Amino acid sequence: MDFPISHTHIDPLYLIGVGFVVGVLGGFFGVGGSFLVGPALFGFGMPMNFVVGTDVAHIVGKSIVAARKHRTLGNIDLKLGGIMVFGTIAGVETGAQLIQQLKRTAHVDVVVGLAFIVVLVGISGFMALESWRTIQMRRAEARRGKALSKRAAAKDDRSAFAHIAQRIQKINLPPHVSLPVSGIDRISLWSIIVVAFLGGFFSGFLGGGAGYIRMPSMIYLLGIPTHIAVGTDLFEIIISAGYGTFTHALKGNVDIMIALVMHTGAAVGAQIGATLTQYFGGVRIRIAFIPLPVIGAIIVLHGLLHGHPAK
Amino acid sequence: MTIGIMAGSRLNKSLKNLLRSFLAELILYSALVAAYFAAVLHFLGNWVYDLFQHDRKLYAFVALGLIITQGFLLEVLTRALLELAHREREK
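Residue numbers (my numbering), protein chains in the order written: chain A, 1 to 311; chain B, 1 to 91.
Hints listed in this document are in silico derivations from the structure and should not be mistaken for laboratory results.
A couple of the hints might just be wrong.
Said to hold, decoys possible - Simulated DEER-style distance windows between Cβ atoms: (1) Gln97/A - Phe72/B: 26 to 34 angstroms; (2) Leu276/A - Ile68/B: 20 to 28 angstroms; (3) Ile27/B - Pro291/A: 39 to 47 angstroms; (4) Val111/A - Ile68/B: 49 to 57 angstroms; (5) Met137/A - Gln53/B: 26 to 34 angstroms; (6) Ile68/B - Asp185/A: 30 to 38 angstroms; (7) His7/A - Gly65/B: 18 to 26 angstroms; (8) His107/A - Phe72/B: 34 to 42 angstroms; (9) Ala35/B - Arg104/A: 21 to 29 angstroms.
As the list claims (entries may be wrong) - Straight-line alpha carbon distances no greater than 20 angstroms define the calculated EDC-like cross-link-like pairs of lysine to aspartate or glutamate that follow: (10) Lys251/A - Asp50/B; (11) Lys251/A - Glu83/B; (12) Lys251/A - Asp109/A; (13) Lys57/B - Asp109/A; (14) Lys103/A - Glu93/A; (15) Lys251/A - Glu93/A; (16) Lys79/A - Asp185/A; (17) Lys170/A - Asp185/A.
None of these values were measured; they are calculated from a predicted model.
Ideal Cβ positions, reconstructed from N, Cα and C, are used throughout, including at glycine.
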C-alpha cells in the first residue's frame, strides 16, 4: 500500500504487526518502542526524518492506552511526572532543532543511525552490568544467610547501583522536593529536570518517547522504584511524544496515516504488556529489557551497511 | 496424585477457555479495526495529504488530534473487549 505523504510503500498488516509487538513491549517496559519501530520503518525504505516523526506520533496513541492501565495499578507518580514535563519539552525541542540542522546537511540518516547504535548498545551494556552485579549481590547475601523468600526475591527491587541514586539525592542544590509516591524524602529539583531534559532530547533527536533513556535514568540516577518508573515514564512519553508529534508535523516529518495504522495493533499489545508487569519483579523486568535495544541497533547497522532501501 | 491430575485438567480447561475467548475477541477486534481502518484511509487519506501539502500548521493540529482520539477510542474498545473476555472466563 502507498503512503503518499512519506512516499513509502508498506504492507498495512506489517505495520499492525510491528505495532502489536511494540505495544506489548511498551506496556511491559514503559518504553515507547522506538528502538524497534525506528529500525523497522527505516528497513522498509522510509526516510529517517519521517521515521523519527512518524514513530513519535504513533507512540502518543499507544502510551495513552498503557498509561491509563498503569494509573489504575497505582504505578504513576504524578508529582514527578509534572516536574519532568518542563525538562522534557525543552529537550524535545532541542533534539528536533538538531534534526532540522542535519536535514540541511543531508547527513541525517548516517548521524541519527550512528547515534541510535551508540545509545542502544550503551544502554544494554549498562543494564546487563547492573543486573549481573545485582544478582551477585543477592547471591552474596544468600551465602551470609540473609536470603529473601522466593516470593519476596521475585518482587525485590534493589539495585547494585543504588549508590549512584543515593549520591544524586544528596546533591545540595535548592529547591528540593519530596516524592512520597516514589519513596524519596528529598531530591534537588534540578536533578529531575536534567534527567527529563536528556530523555526529551533523545525523544526529539532519535524519535519515540525515549523511554529507553528515561526509564533506566529514573531508576539508576533518581532512585525511582522500577514499577513507578515504568508507569511515570509512560505518562512522560505522552507529553514528550505529543509535543514531538506537533513540532515534527510542522516541520513535515510525520506521516500520520502510517502512525494511525501502526497504532491499531499497538492498542491491544499495550493492554497485554501493562497487565504482565504485575507478575514480575524489578530486576526481572530489567533483565528482560537488555536484548531489545541490541536488536534495534543490529537492524539500524544492517540498514546503514547495506544501504537504505529507498535509495 | 489424583488431586494433581484434577488440578492439571482444571488448568488445561481454563487455558483452553482463555485461548478460545482471546481468539474470539481477536477476530471481533480485527473486524472492527479493519472496518475503521478502511474508513479512515478512504475518507481521510486524500484530505490529510492535501493538508500536508498546503497547510502544515493545520496538518500538525489534525495529526495530533487524530492520534489522541484514536488512542482514547481504541483504549475504550480494547478494555471493553478484554473485560468481556475476563467475564466469560469467570463464568
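Each hint tested on the structure:
Here the CB-CB span from Gln97/A to Phe72/B is close to 30 angstroms, well matched to the stated 26 to 34 angstroms. Distance hint check for Leu276/A and Ile68/B: the Cβ-Cβ separation is about 25 angstroms, which falls inside the suggested range of 20 to 28 angstroms. For the pair Ile27/B and Pro291/A, the beta carbons lie near 32 angstroms from each other, so the given range of 39 to 47 angstroms is not met. Distance hint for Val111/A and Ile68/B: a CB-CB separation of about 31 angstroms, inconsistent with the stated range 49 to 57 angstroms.
One distance hint, 26 to 34 angstroms for the beta-carbon pair Met137/A and Gln53/B, is violated here, with the actual separation near 58 angstroms. Taken as a hint, the range 30 to 38 angstroms holds for the pair Ile68/B and Asp185/A, whose Cβ atoms sit roughly 36 angstroms apart. At roughly 24 angstroms, the beta carbons of His7/A and Gly65/B sit within the given window of 18 to 26 angstroms. Under the hint 34 to 42 angstroms, the C-beta atoms of His107/A and Phe72/B, about 39 angstroms apart, fit the expected range.
Take Ala35/B and Arg104/A: their Cβ atoms lie about 43 angstroms apart, and the range 21 to 29 angstroms is violated. Between Lys251/A and Asp50/B the CA atoms are separated by roughly 16 angstroms; this keeps the pair inside 20 angstroms, and the hint holds. Distance hint between Lys251/A and Glu83/B is unfulfilled; the C-alpha atoms sit about 41 angstroms from each other, more than 20 angstroms. A threshold of 20 angstroms between alpha carbons decides the hint, and for Lys251/A with Asp109/A the separation of about 17 angstroms falls inside it, so the pair holds.
The suggested pairing of Lys57/B with Asp109/A is violated, with an alpha-carbon distance near 25 angstroms, which exceeds 20 angstroms. Among the hinted pairs, Lys103/A with Glu93/A is consistent with the structure: their alpha-carbon atoms are about 15 angstroms apart, no more than 20 angstroms. Restraint check: the Cα-Cα separation between Lys251/A and Glu93/A comes to about 12 angstroms, which is no more than 20 angstroms; the hinted pair holds. Annotation: proposed proximity of Lys79/A to Asp185/A holds, straight-line Cα distance about 13 angstroms (limit 20 angstroms).
Simply put, Lys170/A and Asp185/A have alpha-carbon atoms about 11 angstroms apart, close enough for the 20 angstroms limit, and the pair holds.
In summary, the numbered hints that this structure violates are 3, 4, 5, 9, 11 and 13.
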